[in-house]
Amino acid sequence: MAEAILFYLFAIGALVAGAQVIFRRNPIYGALSLVGALFFLSGIYVLLAAHLIAILQIIVYAGAVMVLFVFVIMLLNLKEEELGEQRITAWKGIGLAAVVASFGVIAWRALGPAFPQGALMQGDRRVDNALLVAGFGGVKTVGRILYLASILPFEVTSLLLLVAVVAAVVVAKGRI
Amino acid sequence: MDFFHAHQAQHYLVLAAMLFALGAAGVVLRRNAIIVLMSIELMLNAVNLTFLAFSRFPLVPNSPMGSFLTGHAAVFFVIATAAAEASVGLAIIIAVFRSRTSVNVDEFDTLKL
Amino acid sequence: MNYDPNDLYGVLPALILSAGALLLLTSEVFLRNVKPAVLGPAPGPAEAAQRELPPGADAKPQAAPAPPDRRYQAWVAAAFAAAALWAALSRLGDPAVPLFSGAAVSDGFGRVVAAVVCAALLFSCIVAFSYLESLRATRGEFYALALFSAAGMCLLAQATDLIVIFISLEVMSLAVYALCAYLRRGKRPAEAAFKYFILGSFASAIFLYGAALAFGATGSTRLADVAAALRSGGPSGASALLYAAVALLASGFAFKVAAVPFHMWVPDVYDGAPAPVTGFMAAGVKAAAFATLVRILVSGFGDASTGPRGWRALVIWLALLTMLFGNLLAIPQRSVKRMLAYSAIAHAGYLLVAVASMASASPRADATQGLLFYLASYAATVIGAFGVVAIIERRLALSGAGDDLSSWSGLSDRHPGLAAAMSLFMVSLAGVPPTAGFMAKLTVFRAAIEAGLAPLAIFGVLTSVAGLYYYLRVVVYVYMYPSAKGEPVQGGRLLSAGLAIAGCALIVLWMGIQPGTFASLTQSAANAFGR
Numbered sequence: 001m002a003e004a005i006l007f008y009l010f011a012i013g014a015l016v017a018g019a020q021v022i023f024r025r026n027p028i029y030g031a032l033s034l035v036g037a038l039f040f041l042s043g044i045y046v047l048l049a050a051h052l053i054a055i056l057q058i059i060v061y062a063g064a065v066m067v068l069f070v071f072v073i074m075l076l077n078l079k080e081e082e083l084g085e086q087r088i089t090a091w092k093g094i095g096l097a098a099v100v101a102s103f104g105v106i107a108w109r110a111l112g113p114a115f116p117q118g119a120l121m122q123g124d125r126r127v128d129n130a131l132l133v134a135g136f137g138g139v140k141t142v143g144r145i146l147y148l149a150s151i152l153p154f155e156v157t158s159l160l161l162l163v164a165v166v167a168a169v170v171v172a173k174g175r176i
Numbered sequence: 001m002d003f004f005h006a007h008q009a010q011h012y013l014v015l016a017a018m019l020f021a022l023g024a025a026g027v028v029l030r031r032n033a034i035i036v037l038m039s040i041e042l043m044l045n046a047v048n049l050t051f052l053a054f055s056r057f058p059l060v061p062n063s064p065m066g067s068f069l070t071g072h073a074a075v076f077f078v079i080a081t082a083a084a085e086a087s088v089g090l091a092i093i094i095a096v097f098r099s100r101t102s103v104n105v106d107e108f109d110t111l112k113l
Numbered sequence: 001m002n003y004d005p006n007d008l009y010g011v012l013p014a015l016i017l018s019a020g021a022l023l024l025l026t027s028e029v030f031l032r033n034v035k036p037a038v039l040g041p042a043p044g045p046a047e048a049a050q051r052e053l054p055p056g057a058d059a060k061p062q063a064a065p066a067p068p069d070r071r072y073q074a075w076v077a078a079a080f081a082a083a084a085l086w087a088a089l090s091r092l093g094d095p096a097v098p099l100f101s102g103a104a105v106s107d108g109f110g111r112v113v114a115a116v117v118c119a120a121l122l123f124s125c126i127v128a129f130s131y132l133e134s135l136r137a138t139r140g141e142f143y144a145l146a147l148f149s150a151a152g153m154c155l156l157a158q159a160t161d162l163i164v165i166f167i168s169l170e171v172m173s174l175a176v177y178a179l180c181a182y183l184r185r186g187k188r189p190a191e192a193a194f195k196y197f198i199l200g201s202f203a204s205a206i207f208l209y210g211a212a213l214a215f216g217a218t219g220s221t222r223l224a225d226v227a228a229a230l231r232s233g234g235p236s237g238a239s240a241l242l243y244a245a246v247a248l249l250a251s252g253f254a255f256k257v258a259a260v261p262f263h264m265w266v267p268d269v270y271d272g273a274p275a276p277v278t279g280f281m282a283a284g285v286k287a288a289a290f291a292t293l294v295r296i297l298v299s300g301f302g303d304a305s306t307g308p309r310g311w312r313a314l315v316i317w318l319a320l321l322t323m324l325f326g327n328l329l330a331i332p333q334r335s336v337k338r339m340l341a342y343s344a345i346a347h348a349g350y351l352l353v354a355v356a357s358m359a360s361a362s363p364r365a366d367a368t369q370g371l372l373f374y375l376a377s378y379a380a381t382v383i384g385a386f387g388v389v390a391i392i393e394r395r396l397a398l399s400g401a402g403d404d405l406s407s408w409s410g411l412s413d414r415h416p417g418l419a420a421a422m423s424l425f426m427v428s429l430a431g432v433p434p435t436a437g438f439m440a441k442l443t444v445f446r447a448a449i450e451a452g453l454a455p456l457a458i459f460g461v462l463t464s465v466a467g468l469y470y471y472l473r474v475v476v477y478v479y480m481y482p483s484a485k486g487e488p489v490q491g492g493r494l495l496s497a498g499l500a501i502a503g504c505a506l507i508v509l510w511m512g513i514q515p516g517t518f519a520s521l522t523q524s525a526a527n528a529f530g531r
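Order-wise, the sequence lines are chains V, D and X. Residue numbering for the first sequence follows the numbering used here, starting at 1 and increasing by one per position. Residue numbering for the second sequence follows the numbering used here, starting at 1 and increasing by one per position. Residue numbering for the third sequence follows the numbering used here, starting at 1 and increasing by one per position.
If you're looking for bench data, these hints aren't it; they were derived computationally from the structure. Please note that the accuracy of each hint is not assured.
[Claimed, not checked] Once the Cα atoms are required to be at most 27 Å apart in a straight line, the calculated BS3-like pairs of lysine-lysine come out as:
#: 1; chain 1: V; residue 1: 79; chain 2: X; residue 2: 187
#: 2; chain 1: V; residue 1: 92; chain 2: X; residue 2: 187
#: 3; chain 1: V; residue 1: 140; chain 2: X; residue 2: 187
[What the hints assert, rightly or not] Quick list of the computed label-pair ranges, beta carbon to beta carbon:
#: 4; chain 1: V; residue 1: 71; chain 2: X; residue 2: 6; range: 43 to 51 Å
#: 5; chain 1: V; residue 1: 92; chain 2: X; residue 2: 455; range: 31 to 39 Å
#: 6; chain 1: V; residue 1: 169; chain 2: X; residue 2: 9; range: 28 to 36 Å
#: 7; chain 1: V; residue 1: 5; chain 2: X; residue 2: 19; range: 26 to 34 Å
#: 8; chain 1: V; residue 1: 140; chain 2: X; residue 2: 335; range: 54 to 62 Å
#: 9; chain 1: V; residue 1: 161; chain 2: X; residue 2: 517; range: 37 to 45 Å
#: 10; chain 1: X; residue 1: 6; chain 2: D; residue 2: 5; range: 31 to 39 Å
Every value quoted in this text rests on a predicted model; they were computed, and no experiment measured them. Ideal Cβ placement from N, Cα and C applies to all residues, glycine included.
All chains, please: the whole structure from these sequences, using the hints.
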C-alpha cells in the first residue's frame with residue numbers, strides 16, 4: 001500500500017513539474033521545475049529497484065546538467081520583453097494533435113495490454129525481477145553489465161563525451 | 001490485489017508515455033530555445049523510465065542478453081548522452097544569442113520554412 | 001560476454017578516424033603564432049584577445065602576429081581518411097564477423113558504407129581546404145570534428161545493437177551540428193545548426209523510445225534478438241509493442257534521412273551550413289543513416305515487413321511522398337544550394353524505393369546492391385556539386401552578395417572546367433546516361449520491379465523526369481547566359497578544390513560507364529541480409 005501511495009505522489013509530482021516546464025514562460029522557472037521533476041522521477045526509480053540510477057539521476061542530471069542550464073539562462077539574462085510573444089499557429093495545433101494521438105495510441109494499444117495479468121506469471125508464481133536477482137540495480141550488478149556486456153557502448157560513450165567537449169568549444173568560440 | 005499492484009507495470013509505462021508526450025508537446029508548442037531543450041531532456045527521462053520499468057517487469061521470462069539489467073546500462077548511457085547533448089545545445093544557443101539578441105525560435109526568420 | 005581484443009580490428013576504420021582527430025586536436029597545442037619582427041605579445045591566448053579588438057583600439061601599435069600556418073591539417077585529415085578507406089576496402093571480401101558479443105558486426109555491407117563515408121570525407125577535406133583557407137578560417141577542430149563524425153558514421157553502419165546505434169548516431173550528429181555552426185559569418189550558420197540540433201535531438205528521442213519498447217517486448221536491445229522474438233511470436237503483449245517500436249524507430253531515422261514529412265530542417269540546414277560541410281553531410285550522413293535504417297528494418301524487423309501491419313507499406317508511402325514533394329518543392333528554388341537541398345530530399349525518396357524492395361527476401365540481394373550503388377554515386381555527385389558551390393559561395397561570401405542562379409551565369413566563360421564538371425553533376429543528379437546517377441536509378445528501379453513494386457518504380461521515373469527541369473536550368477545558366485558583371489572569380493587555391501572536383505567527376509563518369517566494377521565491390525555486401 002505504501003508503494004502505491006508513494007507512486008501516486010511521485011507520479012503526480014513529476015507530471016505537474018513536467019507541465020510547469022513546458023507552460024512556464026520564464027525559462028528559469030522551467031529549469032527549476034525540471035529539477036523537481038527529476039527528483040520525483042528519481043523517487044520512482046527507487047520504487048523500481050534502480051538504486052544506482054536513482055542516485056546518478058540526482059548527482060549527474062539534477063546536479064550537473066541542470067546547473068549548466070541555470071548557468072546559461074543566467075548568462076543570457078533575458079529581459080521580460082526579450083522572452084517574446086507566444087504564438088499559436090495552425091501547425092502547432094496539428095503537431096500537438098499528432099503527438100497526443102500517437103502516444104495515446106501507444107499507451108492504449110501497446111503499453112496497456114502488454115501485461116495481461118498485470119505482471120508476468122510463471123505457473124502461479126509472480127515473477128518479480130528484483131527479488132530474483134540478488135543486488136538488483138546496485139552498483140555491483142549494474143557495473144558488471146556495464147563493463148562486460150556493454151563494453152562497446154561504454155567505449156563509444158567516451159568518444160561521444162570528447163566530441164561534445166570539442167563541439168561545445170568550437171560552437172561557443174567568439175569568431176572563426 | 002489492489003488496482004495499483006494488479007497493473008503495476010502499466011502504471012510506470014503509462015506515466016512514462018505521458019511524460020514523453022508532455023516533452024514532445026513542449027518541443028512542438030514552445031518556441032523558447034532553452035525550454036525546447038529542456039523538453040527534450042524530459043523526453044529522454046521518460047525513455048529512461050520506460051527502460052527501468054521494463055527491466056523490473058520484463059515481458060519475457062529470460063533476457064536473451066543474460067540479464068535485464070542491460071536496461072539499467074541503457075539508462076546509464078542515455079544519461080551520459082543527454083549531458084553531451086545538453087552541452088552542445090546550450091553552446092549553440094549561446095552562439096545564436098550572440099548573433100542576435102533573442103532566443104525565440106519564431107523570430108529566427110533568416111531561414112524561411 | 002568476454003572482451004576480445006581482436007574485436008577492435010573489426011572497427012578499425014572508426015579507430016583510425018578517431019586517432020586522426022586526436023592527433024589534429026593535439027597538434028593545435030603546439031602551434032605558435034608567427035611573431036612579427038618587433039617584440040610581440042606573448043603568443044597563445046593573447047592572440048585571440050587581440051583579434052577581438054576593433055582596428056584602431058589596439059593599445060600596442062605593432063603589427064599583429066600572423067596566425068600560424070595550418071595548411072597541413074587538411075592533408076593530415078585526408079591522409080587519415082585515406083587510411084580508413086584502405087582499412088575498410090582491404091577486408092571487403094572477408095566473411096561477416098560479430099563483434100563485442102553481438103553489439104556490432106563487421107560485414108560487407110558495413111565495410112562498403114564505411115568506404116563510401118571515408119571517400120566522402122577524403123574529398124570533402126580537400127574541398128574544405130581551399131574554402132577555409134580563402135576565408136582564413138582553418139582550425140584543427142574543423143577537421144577533427146569531421147573525422148569524429150565519420151567515425152560515428154562508420155560505427156553506425158556496423159552497429160547491431162539499438163543502444164550502440166543511438167550512441168554512434170549522437171557521435172555523428174553532435175559533430176555535424178558543430179560543423180554547421182562552425183563559420184560564424186552572420187546569423188545563418190548558428191540558426192541552421194540550432195534548427196538541426198532541435199529536430200535531430202527530437203528524432204533521437206523518438207528513436208530511443210522505440211528502442212525502449214523493443215527492449216520491453218524482447219528483453220534485449222540486440223537486433224538479432226528482436227528478429228528471434230518476432231519469428232517465435234513471443235509473449236502475447238509483445239507484438240503490439242514491437243509494431244509501436246518499429247514505427248518509432250523508423251520515424252526517428254526518417255528525420256535523419258530527410259524523408260517527407262520529416263524534411264522541414266533540410267533546406268535551412270543545407271543552406272546555412274558552409275558548402276563543404278553541406279556536401280559531406282549530404283553524402284556521409286545520408287549513407288550512414290540509410291545503412292542503419294536498412295539494418296534495423298531488415299535484420300531486426302525483417303519478419304514484420306509485409307502484411308497489413310508490416311513496415312513495407314509505411315516505407316512505400318514515405319517514398320511516394322518524398323519523391324513527389326522533394327521534386328515539386330525544388331522547382332521554384334532560385335538558390336542553387338536550396339535547390340540541392342530539395343534534391344537531396346528527392347534522392348532520399350529514390351533510396352526509400354530500394355529500402356521498400358528489400359522487404360521481401362527474394363529481391364533483397366539486388367536491392368541491397370542497388371542501394372549501395374545509389375549511395376556511392378550520390379556521394380560522389382553531391383560532393384562534387386557542393387565543391388563547385390563552395391567555390392561560388394566563397395566568392396559571394398567575400399563580396400557579400402546573395403546566393404542566386406544569376407551568380408552562376410557565364411561560368412563557362414570564366415572557368416570552362418568548373419562549368420563542365422557542374423553540368424556533369426547536374427546531369428548525373430537528374431539521372432541521364434552515361435552518368436552514375438542513371439545507372440543508380442536503373443539498378444534501384446529494376447530491383448523495385450523485381451520486388452513487385454512496378455507502380456512505385458514508374459512513379460519514380462515520372463518524378464525524375466520532372467527533376468530534369470531544375471537540374472538543367474543550372475546548366476542553362478552556366479552555359480547560355482552571359483556573365484552579368486565582368487568580375488573575375490577569385491583565383492588562387494582553386495587547384496586543390498579543382499583536384500577534388502575532377503576526382504568526383506571521374507568517379508561519376510566511371511560509375512556510369514563501367515558500373516560492373518563497382519558492382520563487383522558490393523558483391524560481398526549483397527548477401528548481408530540473406531538467410
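To see whether the hints hold, each was checked on the structure:
1. V:79 / X:187: 21 Å, holds
2. V:92 / X:187: 25 Å, holds
3. V:140 / X:187: 49 Å, violated
4. V:71 / X:6: 43 to 51 Å: 45 Å, holds
5. V:92 / X:455: 31 to 39 Å: 36 Å, holds
6. V:169 / X:9: 28 to 36 Å: 32 Å, holds
7. V:5 / X:19: 26 to 34 Å: 55 Å, violated
8. V:140 / X:335: 54 to 62 Å: 58 Å, holds
9. V:161 / X:517: 37 to 45 Å: 41 Å, holds
10. X:6 / D:5: 31 to 39 Å: With a Cβ separation near 49 Å, residue 6 (chain X) and residue 5 (chain D) fall outside 31 to 39 Å, so the hint is violated.
Violated hints, in rising order: 3, 7 and 10; the structure is consistent with all others.
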